[in-house]
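Protein chains: 2
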Amino acid sequence: MARILTDPHFDDLELTHIYNRNVARKKADWVPAGVQWTEDFADIINSDADVVVELVGGLDPAGEWVRQALTAGKSVVTANKKLIAYRGVELQKLTQPHPCSLLYGAAVAGGIPVIPGLQQGLAGDRILKLEGILNGTCNFILSKMEQGAEYATVLAEAQDLGYAERDPTEDVDGFDARAKLVILARVGLRADVAPNEINCRTIRHLVAADFVYAQELHCTIRQIARAELRDGALLASVGPMLVKESSPLSWSQGTENMVISTGMFGGQTIFSGHGAGGHPTAVAVVSDILAIAHGGSPVNLAARKVAANGEFRLPHYIRFVVCDRPGIVAEIAGDLAAEQINIRAILQKPDYSSDHTVFVVTVEPCLSSQLGRALAKIQKMDCLLSPPFEMGILTD
Amino acid sequence: MARILTDPHFDDLELTHIYNRNVARKKADWVPAGVQWTEDFADIINSDADVVVELVGGLDPAGEWVRQALTAGKSVVTANKKLIAYRGVELQKLTQPHPCSLLYGAAVAGGIPVIPGLQQGLAGDRILKLEGILNGTCNFILSKMEQGAEYATVLAEAQDLGYAERDPTEDVDGFDARAKLVILARVGLRADVAPNEINCRTIRHLVAADFVYAQELHCTIRQIARAELRDGALLASVGPMLVKESSPLSWSQGTENMVISTGMFGGQTIFSGHGAGGHPTAVAVVSDILAIAHGGSPVNLAARKVAANGEFRLPHYIRFVVCDRPGIVAEIAGDLAAEQINIRAILQKPDYSSDHTVFVVTVEPCLSSQLGRALAKIQKMDCLLSPPFEMGILTD
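The listed protein sequences correspond, in order, to chains R and Z.
At position 396 of the first sequence (counting the first as 1) the number is 380 in my numbering, and the numbers step up by one without a gap.
At position 392 of the second sequence (counting the first as 1) the number is 376 in my numbering, and the numbers step up by one without a gap.
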């Protein structure tokens, strides 16, 4: 970040202070001599710097520092998705008495200009739906599993490469993507929703066989974050889904991110690129600083408080691992039919032994709650070696 | 446009005047009664409207109207790529004495927020290269030819559907994409180049056989507009090129547009969506109006005047149509070798009769000028039924 900021390309920006809790450890030679290093945040607040860049992450103490900076009339640029997701609306209000801004382009999809794209470029549309791949760690894991590896192997590789944390919960269980989705929904759909209202499903239970069956269905599997306005409510969810091979979402490989926005007037717009890592994030941060330096203020349309639910009507994929015996499919079909759910396809590869058979049922569009009730019954079957695993199939 | 502007979603914008040379013919019922229709542009200049939207197109008289509006201190929003490509720099200067803006997000790639994306979202990068599919008409024609049709047939279809003009010159010969490329280079590469300095090559000479051979090479064909800064000069060209099936550029179908930006820090960013047509263009125009209404001014980094040339070093595809006789390939190979050009592959489908054989030679990376000299010699061969046709092969 500091490196790009001190690049001669950006000679109208001046880096004045660096705050760090351990200056001795962090101090770097290549930072210009005029830059003041400090372990006291008050030095930043009391300086004449115009913009405070917050790269600490997390809710506290970062939130308090951002509050102090905005209250002091300084603009803030942050990459902190959690802070903006949980407290963005209240922090935004602090900018109102002053000619200062709170910008957070780096909080979602790193270097890809999705926030300016939605906030300015697509402000003239009525955006109805947002779908995205917002977590590079999950995309790395899933696009590797697509090639035949199992989850645990790929997670270990991602950890070795620095793409995944030692505790991968935030990424693989969907909380990171959820915070970003909350921000996108606020900016794009003008819908303000509490993160905890959006259901997250983990990718931990996926197995290599799911990718084999997905391919039979001309699909692959991605962690999809989606939000859609319908009848004044917000349908939203985060979790693994089947996506068609023809969908741009299936094209993103490795740690790439992608957002597809669907507007009433302009149709689909796709943003794609490198979501994470130091450089793309730094680009987004410097872009926001430049926007402030050049007097640009974003088109900040008010967001409405809405309730969220995950009741998309979707076709589903259900994977069963069983010790085979006669009558299993009939019983499952009966339980699905009792909830008015129609089976579309049954797939069973011949590669399994009868004491450990993996097969898949796909069903016609139904609500998650309908399917949940059917699976609660099915779950009790004695032949199951693990609970049935289901995912929605993303449709246009 | 007027329809979106009067949508209740945008209740902070008010449409006040509509200027048209023939009000009687254009006047529409659904436009609010308070809107004043006029055939005299002076009524617009003398009104208290804050923003003038120019949707006339072409250099004159549109340029004069935009000049008058900016001189009067009114902001201007335009979709006029030709005007911005040829006169954007001088018109931009007219905004300086006043707190007014000249925005033209709709001039490139219609509804896709490429201009705000580059101008704001990627301002913090050093963009090195831009590649795009900027003309929906050509993309419609080429993605249809990919399925086996000949150029004339598809052009007629595009004309019937309203995707192509009766005189398709601007689109198929590359002038439309060139104007857009000039604007992108100015905004993204900060390089100001005269449109006439960029070489355009037509797509008219493509035949269905080119797509068959392209497929053998795991490629398809698209009209590519590209610009790249190298050693202070701008390499730029517009014309048909082979693009790898693995490139996102090969994914765009129908009238879609796509821009790929490559930055020193952030790597590749892809923007894709509906480039043309009334609705996407209107979205971009309304977005620009909102940006002005909300006090946003774009990050307008100064562009440097640069010279352009088309001397990319690229592998090439060359198609020959010949009346077959012994020694043709040897002669061609000799002429290429005399210019230090190495052959990579020779492809000849067995489907042709000997008096009308179509075959293809691909060559290792070379400069266009090198290849041009070799082809000038080859062109004189008596066996050729039409001049050899060459295209660059887009590499990473």
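Calculated from the structure, these hints are not laboratory results.
Just to be clear, a hint being listed does not mean it is correct.
Chain copies aren't distinguished; within one or between two, either way the pair holds.
[To be verified] Distance condition first, Cα-Cα at most 25 angstroms in a straight line; then the derived DMTMM-like pairs of lysine to aspartate or glutamate:
#1 333 - 295
#2 128 - 229
#3 11 - 295
#4 228 - 130
#5 333 - 48
#6 228 - 44
#7 128 - 323
#8 10 - 130
#9 228 - 315
#10 113 - 48
#11 361 - 380
#12 77 - 154
#13 113 - 215
#14 333 - 141
#15 361 - 319
#16 113 - -4
#17 10 - 380
#18 77 - 157
#19 10 - 295
#20 228 - 27
#21 228 - 176
#22 289 - -4
#23 333 - 319
Evaluated hints:
Proximity of residue 333 to residue 295 under the C-alpha cut-off of 25 angstroms is found in neither arrangement, the shortest distances being 31 angstroms within a copy and 54 angstroms between copies. For the homomeric pair residue 128 and residue 229, the shortest alpha-carbon distances inside one copy (16 angstroms) and between copies (21 angstroms) are both at most 25 angstroms. Proximity of residue 11 to residue 295 under the C-alpha cut-off of 25 angstroms is found in neither arrangement, the shortest distances being 50 angstroms within a copy and 45 angstroms between copies. When the C-alpha separation of residue 228 and residue 130 is checked against a cutoff of 25 angstroms, the pair qualifies both within a copy, at 13 angstroms, and between copies, at 22 angstroms.
Taking CA atoms no more than 25 angstroms apart as the test, residue 333 paired with residue 48 passes in neither setting, with 56 angstroms inside one copy and 70 angstroms between copies. In this assembly of identical chains, residue 228 and residue 44 lie within 25 angstroms of each other by CA distance neither inside one copy nor across copies; the values are 40 angstroms within and 48 angstroms between. Within a single copy, residue 128 and residue 323 get their C-alpha atoms no closer than 36 angstroms, and across copies no closer than 45 angstroms, so neither meets the 25 angstroms cut-off. For a Cα distance limit of 25 angstroms, the shortest separation of residue 10 from residue 130 qualifies neither inside one copy, at 39 angstroms, nor across copies, at 56 angstroms.
In the homo-oligomer, the alpha carbons of residue 228 and residue 315 never lie at most 25 angstroms apart, since the shortest distance is 29 angstroms inside one protomer and 49 angstroms across protomers. Proximity of residue 113 and residue 48 under a CA criterion of 25 angstroms is satisfied in neither setting, with 33 angstroms inside one chain copy and 40 angstroms between copies. Within a single copy, residue 361 and residue 380 get their C-alpha atoms no closer than 30 angstroms, and across copies no closer than 53 angstroms, so neither meets the 25 angstroms cut-off. Taking CA atoms no more than 25 angstroms apart as the test, residue 77 paired with residue 154 passes in neither setting, with 28 angstroms inside one copy and 49 angstroms between copies.
Proximity of residue 113 and residue 215 under a CA criterion of 25 angstroms is satisfied intra-copy only: 13 angstroms inside one chain copy versus 43 angstroms between copies. Taking the shortest alpha-carbon separations for residue 333 and residue 141, neither the intra-copy value of 28 angstroms nor the inter-copy value of 45 angstroms comes in at or below 25 angstroms. Proximity of residue 361 to residue 319 under the C-alpha cut-off of 25 angstroms is restricted to the intra-copy arrangement: shortest distance 7 angstroms within a copy versus 76 angstroms between copies. In the homo-oligomer, the alpha carbons of residue 113 and residue -4 lie at most 25 angstroms apart only across protomers (23 angstroms), although the nearest pairing inside one protomer, at 38 angstroms, exceeds that limit.
Neither within a single protomer nor between protomers do residue 10 and residue 380 lie at most 25 angstroms apart by alpha-carbon distance, with minima of 48 angstroms and 37 angstroms respectively. For a Cα distance limit of 25 angstroms, the shortest separation of residue 77 from residue 157 qualifies neither inside one copy, at 31 angstroms, nor across copies, at 52 angstroms. Taking CA atoms no more than 25 angstroms apart as the test, residue 10 paired with residue 295 passes in neither setting, with 48 angstroms inside one copy and 46 angstroms between copies. Proximity of residue 228 and residue 27 under a CA criterion of 25 angstroms is satisfied in neither setting, with 53 angstroms inside one chain copy and 54 angstroms between copies.
Taking the shortest alpha-carbon separations for residue 228 and residue 176, neither the intra-copy value of 30 angstroms nor the inter-copy value of 42 angstroms comes in at or below 25 angstroms. In this homomeric assembly, residue 289 and residue -4 come within 25 angstroms of each other (Cα to Cα) only across copies, at 20 angstroms, whereas the closest approach inside a single copy is 39 angstroms. In this assembly of identical chains, the alpha carbons of residue 333 and residue 319 lie at most 25 angstroms apart only when taken from the same copy (23 angstroms versus 57 angstroms across copies).
The structure fails to meet hints 1, 3, 5, 6, 7, 8, 9, 10, 11, 12, 14, 17, 18, 19, 20 and 21 from the earlier list, while all remaining hints are met.
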